[in-house]
Amino acid sequence: MSSQLEQRQLAGGCPLWLLHRNGPAILSAKLWLRGGSSADPIGQRGAAQLLAGLLSRGCGELSGEALADLVEGSGAGLRCEAGEDGTLLSLKCASDDAPQLLPLLLQMVQSPWLVDDQIALERQLNLQTLQRQREDPFQVCHDLLRRQLYGEGPYGHDPLGVEAELEQLGRPQLQQLAGNLGRDGSVLVLAGAIPDDVEALLLAGVETGHWPAEAPLRRAGPDGAGNAGLCSAEDDTEQLVLMLGCTTTALGSPQALALRLLHCHLGVGMSSRLFVTLREEHGLAYDVGVHHPARLGAAPFVFHLSSSSERAGEATAELLQEWQRLLEEPLTQAELALALAKFRGQEALGRQTCSQLADRLALVLGHGLPADFADQCLEQAAQLTPADLQQAAQALLQRPSLSLCGPAEALQAAERVWNRNPLSH
Amino acid sequence: MDAKGGGAHGGRGDSALILPAECEKDTPPHRLPTTPRSSPRPAPSPLPEPQRHQLSNGVPLVQLDLPEAPLVCLDFWCRAGSASESASESGMAHFLEHMVFKGSAQLPAGEFDRRIEALGGSSNAATGFDDVHFHVLIPPEAATQALELLLDLVLRPRLDPDDFAMERQVVLEELAQSEDQPEEVAFQELLRLACPQHAYGLPILGRREALEAHHPEAMAAFHRRHYRADRCCLTMAGPLSRLDLPSRLQDSALAELAAAEGPAAITPLQLSPGSTTLELPRLEAARLLMAWRLPGAADQDSVVGGDLLTTLLAEGRRSRLVERLREQLRLVESIDLDLNVLEAGCLVLLEAVCEPEQLQAVEREVKQVLQELLAQPPSAAELERARRLVGNGYRFSLEAPGSVAAMVGNSALWGRQHNLEAPLAWLQTWDAQRLHEQLSGLLDPARSFSLRAVPS
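Heads up: the sequence lines are chains A and B, in that order.
Here our numbering is used: the first residue of the first sequence is 1, the next is one more, and so on.
Here our numbering is used: the first residue of the second sequence is 426, the next is one more, and so on.
Watch out, some of these pointers could steer you wrong.
Claimed, not checked - Facing chain A, a subset of chain B residues (Cβ under 7 Å, in silico):
hint : residue
1    : Asp490
2    : Gln531
3    : Pro533
4    : Glu536
5    : Glu598
6    : Ala601
7    : Arg633
8    : Ala635
9    : Arg743
10   : Arg745
11   : Gln753
12   : Arg810
Honestly, the hints are just simulated from the structure, not real lab data.
Small disclaimer: the values here were computed from a predicted structure and weren't measured.
Idealized CB from N, CA, C, for every residue including glycine.
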């Protein structure tokens with residue numbers, strides 16, 4: 001791959017990484033700001049996402065409409081979103097349009113308008129989305145499990161927020177948050193065909209000529225609540241949705257890579273263990289897999305499955321048995337080799353476009369990890385043994401919780417199986 | 426809902442690795458071939474030229490060399506979507522797509538996936554109304570082997586009765602899962618009422634009773650009837666320069682396919698205008714869904730025009746519908762307008778999400794915006810905005826071999842042999858006056874079917 005990585009620093013301290021690529025004249029920019037929904041102040045859950053949504057609704061000399069005209073008129077894409085660990089600003093454009101669009105990034109962060117009328121609109125949209133999400137039994141099941149695993153902690157809520165608190169948010173709280181954007185760690189990554197005078201362009205909209213920011217430092221992220229148990233929601237659906245999971249460990253921590261290989265083994269691709277046993281051998285589900293996002297803190301590790309309610313007991317038993325198996329049996333050498341191949345394959349899959357490359361680099365650097373972290377992982381993964389993976393499972397996956405969403409009789413059948421299972425004690 | 430992509434094999438959306446899948450949220454590749462630069466500028470790197478070959482039995486092969494791409498995409502396309510089913514074959518096209526992965530005479534069930542994934546690749550498939558495709562993404566050094574496995578799997582499926590019974594359970598679970606999403610139920614009902622007497626009005630997943638009655642012999646007959654030399658094509662995209670894939674195909678299962686006994690006719694889509702209200706349990710927000718018919722995919726010029734119109738109306742904050750209904754009047758949580766490119770007639774589908782008490786106002790305002798579109802040509806500025814959004818969407822989608830292979834493969838399957846630059850040229854041929862005269866009128870509310878879904 002003919003790409004070349006270069007590190008610079010913007011005036012004020014923000015690290016700037018440039019990934020020069022041959023190929024189409026496209027530019028992708030990702031500005032990562034530490035402090036996403038996990039940094040929502042007490043009583044203000046939803047603030048980070050509300051602020052993120054408002055950044056593109058007016059900044060510097062541009063009203064929200066003027067900004068939208070500029071971005072959409074260039075056929076560009078702009079997205080500002082809060083995740084659990086950070087807020088991410090993403091811009092994708094034809095590289096010829098970069099001179100007029102790149103100045104927006106820091107302008108949005110440094111001088112957002114935050115006008116009441118636009119705050120009211122964005123808040124209303126977020127509240128409506130939260131309400132609509134309850135139509136989806138997977139979302140209901142997932143929200144329950146998150147509550148069970150993280151309680152009132154920083155990872156305990158949807159980045160969109162908690163309705164009662166979101167309703168109360170207004171300009172004073174948002175201004176306070178906006179004043180600190182980037183101070184807790186930020187990094188800017190550009191990938192594609194990058195203009196020569198890129199630093200000048202980035203700072204063009206900043207009056208003082210510099211933006212005070214710091215490189216993200218490596219530090220511990222939020223923890224789980226330490227609870228384990230059963231949670232369920234009754235819903236009049238055909239299927240029962242099951243999620244079995246626990247909180248684990250941070251991206252880059254000692255056992256994270258072993259856990260990632262377990263993820264590949266269990267849930268990546270159609271040859272994965274859960275897919276083969278639960279779907280291909282038992283026909284229990286269409287959708288089955290593992291959810292294990294990268295986090296700065298205790299990341300969730302979750303098996304998920306949805307199955308007809310009349311098979312609720314069987315589905316629960318099979319899912320629990322797969323979890324138990326992880327604790328008791330090491331992978332065979334062949335299984336480990338396949339997991340490793342998938343790990344490498346997924347890496348290649350995730351390095352296809354400028355946006356993917358910029359996104360992955362921004363996330364790694366945003367976690368305070370080195371730029372070559374992914375390559376290091378590929379090397380280290382080859383050294384892991386089945387015993388390493390089993391030790392990671394035994395250390396991190398001892399006490400899963402079960403979350404259920406479905407009709408009453410299916411819940412009862414699943415609960416009976418859960419209560420008899422050693423994992424529930 | 427994306428009618429063209431309905432019913433993929435396998436919900437394995439959670440791609441993994443060092444980084445989580447959810448950190449990448451690119452705009453999905455545009456369905457439409459279209460894209461230019463709108464003003465004279467330094468020339469970007471030229472788009473690769475498709476290399477076309479044909480096997481001796483007539484199967485078209487298309488190669489696209491993308492030297493910078495890390496992976497090769499192999500994409501097999503066949504005109505065997507749900508529109509090819511007889512009444513008793515409801516759901517067969519999609520069920521067969523599942524069964525293909527259960528192995529061939531040479532490949533035991535699961536072996537294909539294990540071998541492809543052990544080579545660092547991944548595979549998937551999707552069944553639409555018109556066609557089905559099976560694709561593999563694979564490192565270039567393993568592409569030759571993957572090609573052989575893919576063709577064996579797709580063209581010589583074993584259809585073992587025990588596997589058949591087990592996979593039927595999976596398909597029924599897929600159906601149940603979609604029926605638990607009230608939004609999907611509402612869309613299905615919209616299509617049923619808007620496209621009566623047509624395959625596009627029927628569910629790709631099939632009717633439950635029909636699925637329960639299917640047997641392997643009928644599926645084998647469906648496969649024999651449709652997987653024919655004149656109804657298939659194969660696309661290869663990625664770093665191909667060192668691979669000589671076409672020569673590998675001379676003795677393959679693909680080269681042995683016979684032609685069908687005549688081309689399958691496409692039944693033109695007639696959309697029945699109308700209106701209904703549907704009460705749905707478990708719905709939290711109300712929906713206004715609307716459907717219109719535009720000319721079919723063969724009329725590529727109109728497809729590009731349709732993409733411009735839907736973009737002008739509902740892509741971005743400054744588009745007419747989003748600006749009026751969400752930003753100004755604040756009646757909706759979201760409003761989308763999608764162009765679904767289909768052979769028998771494209772379907773434009775609108776979805777507005779709102780509070781039930783706003784539904785009437787939403788419908789009134791949507792119609793008002795459309796009446797304004799009908800009354801006079803769009804301004805030059807908003808057309809230019811739409812042109813650049815559509816153009817860049819297309820350009821961005823050319824970055825990944827998977828989306829390039831899918832675009833080129835779908836075109837080649839239906840006998841459309843343009844290169845990658847052509848859609849850019851078509852985009853330039855539309856001006857405000859021509860859009861007004863030729864296309865805007867097709868989005869007249871009087872030509873639509875509208876469905877109001879409300880919580881019961």
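Consistency of the hints with the structure:
1. About 13 Å separates the beta-carbon of B/Asp490 from the nearest beta-carbon of chain A, more than 7 Å, and the hint is not met.
2. Look at B/Gln531: its Cβ only gets to about 17 Å from chain A, farther than 7 Å, so that hint breaks.
3. Given the 7 Å rule on beta carbons, the hint for B/Pro533 is violated: about 12 Å separates it from the nearest Cβ of chain A.
4. Of the supplied interface hints, the one on B/Glu536 is violated, with its beta-carbon coming no nearer than about 9 Å to a beta-carbon of chain A, more than 7 Å.
5. Evaluation of the B/Glu598 hint against chain A yields a held restraint, the C-beta minimum of about 4 Å falling below 7 Å.
6. Annotation: interface hint on B/Ala601 holds; nearest CB of chain A at approximately 4 Å, less than 7 Å.
7. Interface hint status for B/Arg633: violated, as the beta-carbon distance to the closest one in chain A is roughly 11 Å, over 7 Å.
8. Because the smallest distance between the Cβ of B/Ala635 and any Cβ of chain A comes to about 18 Å, over 7 Å, the interface hint for this residue is violated.
9. With a least beta-carbon distance of about 5 Å to chain A, the hint placing B/Arg743 at the interface is held under the 7 Å criterion.
10. For B/Arg745, the interface hint is violated, the least distance from its beta-carbon to any beta-carbon of chain A being 12 Å, above 7 Å.
11. For B/Gln753, the interface hint is violated, since its Cβ never comes within 7 Å of a Cβ in chain A; the closest pair sits about 10 Å apart.
12. Interface hint at B/Arg810: satisfied, since its Cβ lies 5 Å from the closest Cβ of chain A, which is below the 7 Å cut-off.
In summary, the structure is inconsistent with hints 1, 2, 3, 4, 7, 8, 10 and 11 from the numbered list given earlier, while agreeing with the others.
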